[in-house]
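Colleague: So for the sequence shown, my numbering puts the first residue at 135; every next one is plus one.
Derived by calculation from the structure, the hints in this document are not laboratory data. Please read these numbers as outputs of a predicted model, since none were measured by experiment. Heads up, a few of these hints could be off.
[Stated by the list, open to error] In silico lysine to any residue, SDA-like type, Cα no more than 20 Å apart, as pairs:
id: 1; residue 1: K384; residue 2: D453
id: 2; residue 1: K430; residue 2: N454
id: 3; residue 1: K164; residue 2: P195
id: 4; residue 1: K160; residue 2: G259
id: 5; residue 1: K362; residue 2: Y392
id: 6; residue 1: K443; residue 2: D261
id: 7; residue 1: K369; residue 2: G416
id: 8; residue 1: K222; residue 2: K169
id: 9; residue 1: K362; residue 2: G397
id: 10; residue 1: K369; residue 2: T345
id: 11; residue 1: K137; residue 2: G203
id: 12; residue 1: K445; residue 2: G416
id: 13; residue 1: K361; residue 2: G306
id: 14; residue 1: K445; residue 2: I488
id: 15; residue 1: K137; residue 2: Y392
id: 16; residue 1: K430; residue 2: L498
id: 17; residue 1: K137; residue 2: S394
id: 18; residue 1: K169; residue 2: W198
id: 19; residue 1: K240; residue 2: G306
id: 20; residue 1: K412; residue 2: N454
id: 21; residue 1: K443; residue 2: N454
id: 22; residue 1: K445; residue 2: E465
id: 23; residue 1: K256; residue 2: N395
id: 24; residue 1: K445; residue 2: N293
id: 25; residue 1: K361; residue 2: I347
id: 26; residue 1: K445; residue 2: G397
id: 27; residue 1: K384; residue 2: Q331
id: 28; residue 1: K471; residue 2: H449
id: 29; residue 1: K412; residue 2: G400
id: 30; residue 1: K222; residue 2: D252
id: 31; residue 1: K312; residue 2: L263
id: 32; residue 1: K482; residue 2: D468
id: 33; residue 1: K222; residue 2: P195
id: 34; residue 1: K369; residue 2: G355
id: 35; residue 1: K445; residue 2: D468
[To be verified] Restraint-style ranges between C-beta atoms, simulated for each label pair:
id: 36; residue 1: N253; residue 2: Q287; range: 15 to 23 Å
id: 37; residue 1: E496; residue 2: N348; range: 23 to 31 Å
id: 38; residue 1: G199; residue 2: K482; range: 39 to 47 Å
id: 39; residue 1: N227; residue 2: R194; range: 15 to 23 Å
id: 40; residue 1: Y323; residue 2: K482; range: 31 to 39 Å
From the three backbone atoms N, C-alpha and C, an ideal C-beta is built for every residue, glycine too.
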Amino acid sequence: MAKVDYTKREVTVKIVYCGPDFSGKKTTLKLVYSKHPDCIKSEMYRTIHDDDEILHFEFRPIEWGTLSGMSIKVLMYAMPNSPSESTKNVVLNNIDSIIFIADSGKIQENFQSLRNLDNDLKVRGIDILDVITSIQWNKRDMINVYEISDLQQQVNYLNIPSVPSVACTGEGSFPALKICSLVTLRSLYDQKEVEKQALVLETEQQGRSFTYINDETEYNGCTFYFKKDSLSSLKRCIFSDCSFRGDGGKIELVECCYFSNCGFWGEFVVDLPSQDIKSIPGWIYYTTFISTLSLKNNNILGLSYKIGKLKRLSHLYLDNNQITSLPSTIERLDSLKLLSLSGNNINKEQQNLIRLWLPSCEILF
Numbered sequence: 135m136a137k138v139d140y141t142k143r144e145v146t147v148k149i150v151y152c153g154p155d156f157s158g159k160k161t162t163l164k165l166v167y168s169k170h171p172d173c174i175k176s177e178m179y180r181t182i183h184d185d186d187e188i189l190h191f192e193f194r195p196i197e198w199g200t201l202s203g204m205s206i207k208v209l210m211y212a213m214p215n216s217p218s219e220s221t222k223n224v225v226l227n228n229i230d231s232i233i234f235i236a237d238s239g240k241i242q243e244n245f246q247s248l249r250n251l252d253n254d255l256k257v258r259g260i261d262i263l264d265v266i267t268s269i270q271w272n273k274r275d276m277i278n279v280y281e282i283s284d285l286q287q288q289v290n291y292l293n294i295p296s297v298p299s300v301a302c303t304g305e306g307s308f309p310a311l312k313i314c315s316l317v318t319l320r321s322l323y324d325q326k327e328v329e330k331q332a333l334v335l336e337t338e339q340q341g342r343s344f345t346y347i348n349d350e351t352e353y354n355g356c357t358f359y360f361k362k363d364s365l366s367s368l369k370r371c372i373f374s375d376c377s378f379r380g381d382g383g384k385i386e387l388v389e390c391c392y393f394s395n396c397g398f399w400g401e402f403v404v405d406l407p408s409q410d411i412k413s414i415p416g417w418i419y420y421t422t423f424i425s426t427l428s429l430k431n432n433n434i435l436g437l438s439y440k441i442g443k444l445k446r447l448s449h450l451y452l453d454n455n456q457i458t459s460l461p462s463t464i465e466r467l468d469s470l471k472l473l474s475l476s477g478n479n480i481n482k483e484q485q486n487l488i489r490l491w492l493p494s495c496e497i498l499f
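Required output: the full structure, derived from the provided sequences and hints.
Modeller: Structure (structure tokens):
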């Protein structure tokens, strides 16, 4: 998670290059380091941990601009080859973003490395969809490399953005870093990280039951009931050890909220029809307790791969939009019972893929 220093007016973001052994992680890091002027970067640090060499540096990219008026410091790391579990802890601690460096001459090794990364993050309480931003198909200058289309199909099961690259020359490295910066800053903005870490709430409620939620309030050990057809907004709140029970109550916005050790039971609905929405609002991807999402009659062109975060989703209505395909991460929605896609432009091939991804779900085209 990004760290915010209000005294220095600075946000610190940590980015790590991961990937299979000898795919070009350190080479990419050194190349990125060499292309930035000395005035905005530190020295290149070499830290030895459990006999693993960890390369890292920090810099202040002017092109990233500011976040809520604060300057941005970026910590860049390269994961060592075959790292120990202790080294993984050090490198992945407080991570914000990952760029995956893949070897274009290998398929099984790339796939297994990405799966291992998924598991390594999961055991540390991190969802890979929260941190991975792009893939670099590295070593495109070598002979006997696979076609990008084959790599995409057989390795990129998360359907995240990717670019071809040649780490030793820098080709593709900066486009991948730019994607990373855009996704990272967008994520911090959507989650209101700067505002959340600044929350100092004077109003506190403890051990009570509510059918409503007040803005700018800290709730401890409380129980909330979302009645059918009620409409709620959650803004600038802290919830600790709270219980949420839904009977089909509707949520129109969740902004700048912390949830710690909270439980959710029943039906929670987000219904945003006919609002000329072109992309799903970012806050929805972080409201992981919703069970029904309805975005009918908008102008949505597609879904982010982060749709896979909504593990409690049971009903998804996307009728009458401009969707032509769905990301493969939708297969993560194990609770999905109904997916309605009528009135979109989804061809037969894509329909068959969606059915393959969601074999137990009723799908309407």
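Colleague: It remains to establish, for every hint, whether it holds in the given structure.
Modeller: Hint check results:
1. Between the alpha carbons of K384 and D453 the distance comes to roughly 19 Å, so the proposed pair stays at or under 20 Å and holds.
2. Between the alpha carbons of K430 and N454 the distance comes to roughly 6 Å, so the proposed pair stays at or under 20 Å and holds.
3. Pair hint K164 plus P195 holds up; C-alpha atoms about 16 Å apart against a cutoff of 20 Å.
4. Between K160 and G259, the direct Cα distance comes to roughly 26 Å. Violation of the 20 Å bound is thereby established for this hinted pair.
5. This hinted pair does not check out: K362 and Y392 have alpha carbons roughly 24 Å apart, beyond 20 Å.
6. Using a Cα cut-off of 20 Å, the hinted pair K443 and D261 holds, with the two alpha carbons roughly 8 Å apart.
7. Distance hint between K369 and G416 is fulfilled; the C-alpha atoms sit about 15 Å from each other, no more than 20 Å.
8. A distance of roughly 27 Å separates the Cα atoms of K222 and K169; the hinted pair therefore is violated under the 20 Å criterion.
9. At most 20 Å may separate the alpha-carbon atoms for a hinted pair to count; K362 and G397 meet this at roughly 19 Å.
10. Among the hinted pairs, K369 with T345 is consistent with the structure: their alpha-carbon atoms are about 16 Å apart, no more than 20 Å.
11. For the suggested pair K137 and G203, the alpha carbons sit about 15 Å apart, so the restraint of at most 20 Å is met.
12. A distance of roughly 16 Å separates the Cα atoms of K445 and G416; the hinted pair therefore holds under the 20 Å criterion.
13. For the hint linking K361 to G306, the alpha-carbon distance of about 51 Å lies beyond 20 Å, and the restraint is violated.
14. For the hint linking K445 to I488, the alpha-carbon distance of about 17 Å falls within 20 Å, and the restraint holds.
15. About 15 Å separates the Cα atoms of K137 and Y392, which keeps this hinted pair within 20 Å; it holds.
16. Only pairs whose Cα atoms come within 20 Å are accepted, and K430 paired with L498 is accepted, the gap being roughly 13 Å.
17. Taking the CA atoms of K137 and S394, the gap is about 18 Å. The hint holds against a cut of 20 Å.
18. For the proposed pair K169 and W198, the alpha carbon gap of about 16 Å is at most 20 Å, so the pair holds.
19. This hinted pair checks out: K240 and G306 have alpha carbons roughly 18 Å apart, not beyond 20 Å.
20. Among the hinted pairs, K412 with N454 is consistent with the structure: their alpha-carbon atoms are about 12 Å apart, no more than 20 Å.
21. With a C-alpha separation of about 23 Å, the suggested pairing of K443 with N454 is violated against the 20 Å cut-off.
22. For the given pair, K445 sits about 10 Å from E465 by alpha-carbon distance, which is consistent with the 20 Å threshold.
23. Distance check on the hinted pair: K256 and N395 sit about 17 Å apart at the alpha-carbon level, within 20 Å; holds.
24. Among the hinted pairs, K445 with N293 is consistent with the structure: their alpha-carbon atoms are about 17 Å apart, no more than 20 Å.
25. Proximity of K361 to I347 is assessed by CA-CA distance (about 12 Å); at most 20 Å being required, the pair is judged to hold.
26. A hinted pair counts as satisfied when its Cα atoms are at most 20 Å apart, and K445 with G397 qualifies at roughly 14 Å.
27. This hinted pair does not check out: K384 and Q331 have alpha carbons roughly 27 Å apart, beyond 20 Å.
28. A hinted pair counts as satisfied when its Cα atoms are at most 20 Å apart, and K471 with H449 qualifies at roughly 6 Å.
29. A distance of roughly 29 Å separates the Cα atoms of K412 and G400; the hinted pair therefore is violated under the 20 Å criterion.
30. About 13 Å separates the Cα atoms of K222 and D252, which keeps this hinted pair within 20 Å; it holds.
31. Our distance criterion of 20 Å between C-alpha atoms is met by K312 and L263, whose separation comes to about 18 Å.
32. Under the criterion of a C-alpha separation no larger than 20 Å, the hint pairing K482 with D468 is inconsistent with the structure, at around 23 Å.
33. Taking the CA atoms of K222 and P195, the gap is near 26 Å; set against the 20 Å cutoff, the hint is violated.
34. A threshold of 20 Å between alpha carbons decides the hint, and for K369 with G355 the separation of about 18 Å falls inside it, so the pair holds.
35. For the suggested pair K445 and D468, the alpha carbons sit about 7 Å apart, so the restraint of at most 20 Å is met.
36. The beta-carbon spacing between N253 and Q287, approximately 22 Å, falls within the hinted interval of 15 to 23 Å.
37. In this structure, E496 and N348 break the distance hint of 23 to 31 Å, their C-beta atoms being roughly 39 Å apart.
38. Evaluation of the 39 to 47 Å hint for G199 and K482 yields a pass: the beta carbon distance comes to about 44 Å.
39. A hinted range of 15 to 23 Å for the beta carbons of N227 and R194 is consistent with their spacing of about 21 Å.
40. Judged by the Cβ atoms, the range 31 to 39 Å given for Y323 and K482 holds: they are separated by roughly 38 Å.
Consistency note: the structure conflicts with the earlier hints numbered 4, 5, 8, 13, 21, 27, 29, 32, 33, 37.
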